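Trainee: The listed protein sequences correspond, in order, to chains A and B.
Residue numbers for the first sequence follow our numbering, beginning at 5 and rising by one.
Residue numbers for the second sequence follow our numbering, beginning at 140 and rising by one.
By construction, these hints were calculated from the structure, which means they are not laboratory data.
Quick caveat, the model's predicted, so the values are computed rather than measured.
Backbone N, C-alpha and C fix where the C-beta goes; we use that ideal spot for every residue, glycine too.
Just to be clear, a hint being listed does not mean it is correct.
[Said to hold, decoys possible] Subject to a maximum C-alpha distance of 30 Å in a straight line, what follows is the list of computed BS3-like cross-link-like pairs (lysine-lysine):
1) A:Lys160 x A:Lys260
2) A:Lys122 x B:Lys192
3) A:Lys67 x A:Lys269
4) B:Lys192 x A:Lys160
5) A:Lys67 x A:Lys267
6) A:Lys260 x A:Lys67
[To be verified] Here are some chain A residues pointing at chain B (derived, C-beta under 7 Å):
7) Arg115
8) Asn116
9) Ser117
10) Leu121
11) His144
12) Glu146
13) Leu149
14) Lys150
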Amino acid sequence: MRFIEPHAHMVSRTTDDYLSLAAAGCEAVCEPAFWAGFDRGSVEGFHDYFCQLTVHEPRRAAKFGLPHFTWLCLNPKEAEDLQLAAEVIEMIPEFLECPNVLGIGEIGLNRNSRNELKVLEQQVDLAARYRQLILVHTPHLEDKLKGTRLIIDALKSDGRIAPERVIIDHVEEHTIALALDAGFWAGMTLYPESKCTAARAIDMIEAYGPERLWMNSACDWGVSVPLAVPRAALEMRRRGHSAAEVDRMLHGNPAKFLGQSPKFKLAAD
Amino acid sequence: MVDVAAFLDRAQRAEGADEFRLKSFRAALGQLRSGGPDRARRVLLRLSDPTAKPIEAAGNQNACGAWAGSKGTKIKKKEGG
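Same shape as in the complex, but just chain A (with noise of 0.2 Å):
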């Protein structure tokens, strides 16, 4: 079984993570530029940060024969520091024409403030001028529905994006139709105790289709599961879902999205 990881913090997991993903069947890993558990403290820290996501997670991944893709930003939860955000988001230019870049992620909403607000807007700006993809994170529980009407409209107010070329990840039951709705891709991310389950994924995949959907690990240094999208075609194959859809979720669609980008190329391509 092939599948397409779109969204892994593959900084934060043990070669033991890139081992298991290769041995399942894995062509390829995403990895968005995220919070690192703590605030990182200036615009060098940033540098540093996007420098390994360019340049020393490629080479690791490289060694399990892992093709590795990234996304750059100044995630949410720290956007509530206007002067370090305009500083890291002048700096990412610079690392837009590495190889392994596809875009501008994962940019959104934490808490649903008027500064993470801004730095959205901000970021959105930057891939309309540099013409990336985009990729989204959506707040975390309650916050998670008035993040995404939010973002939803930022995104509609800016003429220069095409919503097929932006995912509105970290979708549940009730943001999903609001992504479809509005022309996005949407993402699902299985989580153990949060977020979504593979059960609840594939019934959303039941209700509105497999269009403009792919599922995700986001595995990262909480406790997350990389060979969570593997294991959620289990169940689509126990549920009666044919080989082919299944491949269409685990790889022909993340491939389709994903491939919007020139860079982005797989192993057998």
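Fit chain B to the given chain A structure using the hints.
Mentor: Chain B alone, transformed into the frame defined by chain A:
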């Protein structure tokens, strides 16, 4: 289901007034017994912040599970079509 039942038993044994999240939890539970195919969506809506304006500042980086302003508000029509 047994985990939910055990949690409610545990909460009942605990001392002190119900925290707002427990009140929201109990209110959301009512959605499970109602008819209709979208219980999961309605539970999530019941726990969600329904307001539209950004907050002034993110004093706390973490969400907590339920909207602190929820007072058992009636759920509006289906969102997003």
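Trainee: Each of the hints needs a verdict: does it hold here or not?
Mentor: Do the hints match the structure? See the list:
Note on A:Lys160 and A:Lys260: the hinted pairing holds, with a Cα-Cα distance of about 22 Å set against a maximum of 30 Å. This hinted pair checks out: A:Lys122 and B:Lys192 have alpha carbons roughly 13 Å apart, not beyond 30 Å. Annotation: proposed proximity of A:Lys67 to A:Lys269 holds, straight-line Cα distance about 17 Å (limit 30 Å). For the proposed pair B:Lys192 and A:Lys160, the alpha carbon gap of about 17 Å is at most 30 Å, so the pair holds.
For the proposed pair A:Lys67 and A:Lys267, the alpha carbon gap of about 20 Å is at most 30 Å, so the pair holds. Of the pairs offered as hints, the one joining A:Lys260 and A:Lys67 holds, with about 26 Å between alpha carbons and a cut-off of 30 Å not exceeded. For A:Arg115, the interface hint holds, the least distance from its beta-carbon to any beta-carbon of chain B being 4 Å, beneath 7 Å. Because the smallest distance between the Cβ of A:Asn116 and any Cβ of chain B comes to about 5 Å, under 7 Å, the interface hint for this residue holds.
Below 7 Å, beta-carbon pairs count as interface contacts, and A:Ser117 has one with chain B at about 4 Å; its hint therefore holds. A distance limit of 7 Å between C-beta atoms decides the matter here; for A:Leu121 the minimum to chain B is near 5 Å, and the interface restraint holds. Contact between A:His144 and chain B, as hinted, is supported at the beta carbon level, the nearest pair being about 4 Å apart and thus within 7 Å. At about 4 Å, the closest approach between the beta carbon of A:Glu146 and any beta carbon in chain B falls short of 7 Å, and the interface hint on this residue holds.
With a least beta-carbon distance of about 4 Å to chain B, the hint placing A:Leu149 at the interface is held under the 7 Å criterion. Below 7 Å, beta-carbon pairs count as interface contacts, and A:Lys150 has one with chain B at about 5 Å; its hint therefore holds.
Of the hints listed earlier, there is not a single one the structure fails to meet.
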